[in-house]
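Novice: Full structure from sequences and hints, please.
Respectively, the protein sequence lines represent chains E and H. Using our numbering, the first residue of the first sequence is number 1, and each one after it goes up by one. Using our numbering, the first residue of the second sequence is number 1, and each one after it goes up by one.
Because the hints were derived from the structure by calculation, they are not lab data.
Cross-link-like lysine-lysine pairs, in silico, BS3-like; alpha carbons within 27 angstroms at most:
hint : chain 1 : residue 1 : chain 2 : residue 2
1    : E       : Lys6      : H       : Lys355
2    : H       : Lys355    : E       : Lys218
3    : H       : Lys38     : H       : Lys20
4    : E       : Lys217    : H       : Lys353
5    : H       : Lys221    : H       : Lys20
6    : H       : Lys349    : E       : Lys110
7    : H       : Lys353    : E       : Lys110
8    : E       : Lys217    : E       : Lys200
9    : E       : Lys43     : H       : Lys253
This structure is a prediction, so every number in the text was calculated from the model and none was measured.
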Amino acid sequence: MAYQKKKCWSILLRLYHWAFALSIVTLVITGFYINDPWFTSLKEGSASFPMAYMRFVHFVAGYVFTAAVLTRIFLYLFGNKQERILEHLPVTPRNVKSFFNTVLRYSYIKDDHDTDRLGHNVAAGLTYVITIVLAVFQLISGFYMLFPELALYNGWLWEGLGVTIFGSQQMARYVHHLVMWWFLYFILVHIYLVIWNDLKHPEGLISSMFTGVKFIKKG
Amino acid sequence: MADTVHKGLDPRLNRRGFLKGCTMAAAALGLSETVIPKMVEAAESAQRPPVIWLHFQECTGCSETLLRGAHPDLANLILDIISLDYHETVMAAAGFQAEQALQDSMEKNAGKYILVVEGGIPTKENGAYCKIGGRTGMELLEEVASKAAAVIAYGTCATFGGVQAAKPNPTGAVGVDKLVLDKPIINISGCPPNPVNFLGTVLHYLTFQRLPAVDSLKRPKFGYGRRIHDQCERRAHFDEGRFVEQFGDQYHKLGYCLYKVGCKGPETFANCPVARFNEQGVWPVAVGHGCIGCTEPNFWDTMTPFYDRIPNVKIPGSGIVEDADNLGIKVLGVTAAAVGIHAVVGIGKRLIKGKSDDEA
Ligand code: HEM
Chain E
1 MAYQKKKCWS
11 ILLRLYHWAF
21 ALSIVTLVIT
31 GFYINDPWFT
41 SLKEGSASFP
51 MAYMRFVHFV
61 AGYVFTAAVL
71 TRIFLYLFGN
81 KQERILEHLP
91 VTPRNVKSFF
101 NTVLRYSYIK
111 DDHDTDRLGH
121 NVAAGLTYVI
131 TIVLAVFQLI
141 SGFYMLFPEL
151 ALYNGWLWEG
161 LGVTIFGSQQ
171 MARYVHHLVM
181 WWFLYFILVH
191 IYLVIWNDLK
201 HPEGLISSMF
211 TGVKFIKKG
Chain H
1 MADTVHKGLD
11 PRLNRRGFLK
21 GCTMAAAALG
31 LSETVIPKMV
41 EAAESAQRPP
51 VIWLHFQECT
61 GCSETLLRGA
71 HPDLANLILD
81 IISLDYHETV
91 MAAAGFQAEQ
101 ALQDSMEKNA
111 GKYILVVEGG
121 IPTKENGAYC
131 KIGGRTGMEL
141 LEEVASKAAA
151 VIAYGTCATF
161 GGVQAAKPNP
171 TGAVGVDKLV
181 LDKPIINISG
191 CPPNPVNFLG
201 TVLHYLTFQR
211 LPAVDSLKRP
221 KFGYGRRIHD
231 QCERRAHFDE
241 GRFVEQFGDQ
251 YHKLGYCLYK
261 VGCKGPETFA
271 NCPVARFNEQ
281 GVWPVAVGHG
291 CIGCTEPNFW
301 DTMTPFYDRI
311 PNVKIPGSGI
321 VEDADNLGIK
331 VLGVTAAAVG
341 IHAVVGIGKR
351 LIKGKSDDEA
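Specialist: In structure tokens:
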């Protein structure tokens with residue numbers, strides 16, 4: 001079967017993807033530790049700082065995560081055709097069709113793959129948009145906990161924003177913790193579905209996130 | 001003891017105690033010692049601001065902390081620098097006489113008095129759940145606040161509704177700033193609050209003729225500008241990973257960090273570690289109990305369980321209350337099972353139907 005090589009993802013998008021993925025893994029591991037520090041210093045004066053260290057790693061990863069989220073938002077607006085937000089939301093008849101087609105495909109009712117799009121199907125795209133929205137809440141709650149009394153821009157960053165959205169540090173922490181679980185579900189389903197898609201329709205879906213290139217059937 | 005300060009002052013308060021109180025307040029405010037003479041001057045001056053103190057849904061614990069300091073200085077000082085014209089639980093007058101005193105003071109000092117509110121204000125059924133002298137808390141607050149120069153909400157009930165505003169809030173209790181919208185309001189939260197923060201606010205007002213800077217919950221920054229956790233004497237144990245695992249264990253006896261037994265210091269703004277209580281240098285964490293977050297909005301709902309880090313998840317309509325992580329793992333299990341079934345169906349279908357020519 002003849003395949004055609006097509007450029008799909010920009011370098012910036014691929015960088016964003018891996019920065020996002022790796023920072024999330026780091027944040028989940030260190031975040032769990034922050035919630036319940038299960039290994040501790042056994043001796044006083046042993047010059048070990050597990051909590052301080054885990055928090056430090058969490059914050060560094062938090063900055064990477066924030067940079068990734070901002071990059072994604074930039075690409076939603078100014079990226080190439082596949083990367084823009086209009087390709088991801090079920091707002092045009094073509095996208096609505098893709099959404100339902102994907103749902104039917106994933107429930108093994110239909111077999112044919114969307115042929116009119118190079119980028120994400122709309123079910124996936126919509127999930128990613130939801131994830132980025134949650135990521136924004138995650139970083140606002142994170143920075144509000146990190147800089148609790150900072151009051152830049154007339155008090156808005158981060159104190160005013162944090163109080164307006166979450167009401168208190170504790171609620172920010174609670175939301176921060178619950179949203180973490182979304183990322184865990186996302187990781188599980190996301191990895192499963194990209195493998196599933198790669199098996200069903202060999203267009204190089206997984207490698208496209210490294211190479212930026214997809215393979216589309218000719219004709 | 002002789003009154004060496006001012007003829008109008010209570011003879012029980014000597015100059016030493018007076019200066020001590022002013023210094024404590026200056027320290028709480030974070031002011032330099034050079035301001036203390038100014039403060040003393042302002043406190044000595046004859047213009048003691050008239051104060052009307054209203055009680056609504058409350059336990060009077062806030063008044064108690066203010067009046068029953070281990071040392072009488074603080075309480076005396078407060079009563080000396082303000083002119084407490086109406087306070088239901090400590091005034092001698094009762095009944096109609098008392099209500100008359102309220103009306104008189106309001107008329108005489110219109111636009112000049114400070115209104116202090118203690119307790120939450122119920123709003124359901126037009127406020128019928130709290131009546132004083134036949135009038136609802138809502139009516140009273142509206143009337144007395146309308147002629148006040150400023151309002152101090154004293155304690156978590158008056159600031160955020162407090163225990164009666166905890167879910168399901170049967171009486172619709174709210175804090176003062178939900179009802180009084182057109183007056184400067186200072187929230188001195190806490191259950192109970194530290195009287196030093198009250199004194200600091202009043203002295204600030206007397207010295208500088210304006211209310212202190214506040215955070216976005218209207219709490220004075222000098223008292224509530226920093227989290228407990230960031231000024232805690234046990235903080236080093238936190239950073240170095242030494243925790244109390246259980247109350248009464250060997251680590252508890254060694255005075256390690258109470259984070260793992262649910263201390264809410266990381267989520268709570270207050271100066272307890274610095275100002276401390278009862279002039280005895282104590283506060284909850286110092287004596288081995290975690291902070292319960294009593295200066296924060298809705299703390300009965302959001303800081304409970306007091307001995308866990310974060311609240312449980314309540315699933316609406318189901319009555320299910322579950323630890324966030326137990327629930328999280330269950331949902332993860334269900335998701336994993338769904339993924340497994342999906343994969344099995346796919347493989348089964350392929351075994352029965354064979355590969356489609358699209359598949360690898
Ligand atoms: C996918 C992204 C993230 C995940 C999964 C995550 C996870 C967590 C978790 C589970 C906690 C512990 C909360 C608890 O006690 O229950 C936590 C705490 C925290 N996170 Fe994140 N986080 C993420 C992103 C961020 C970002 C972007 C920042 C911003 C720099 C941030 C800053 C913080 C801070 C300041 C704390 C509190 C630490 C402390 O006070 O000891 N997080 N995070």
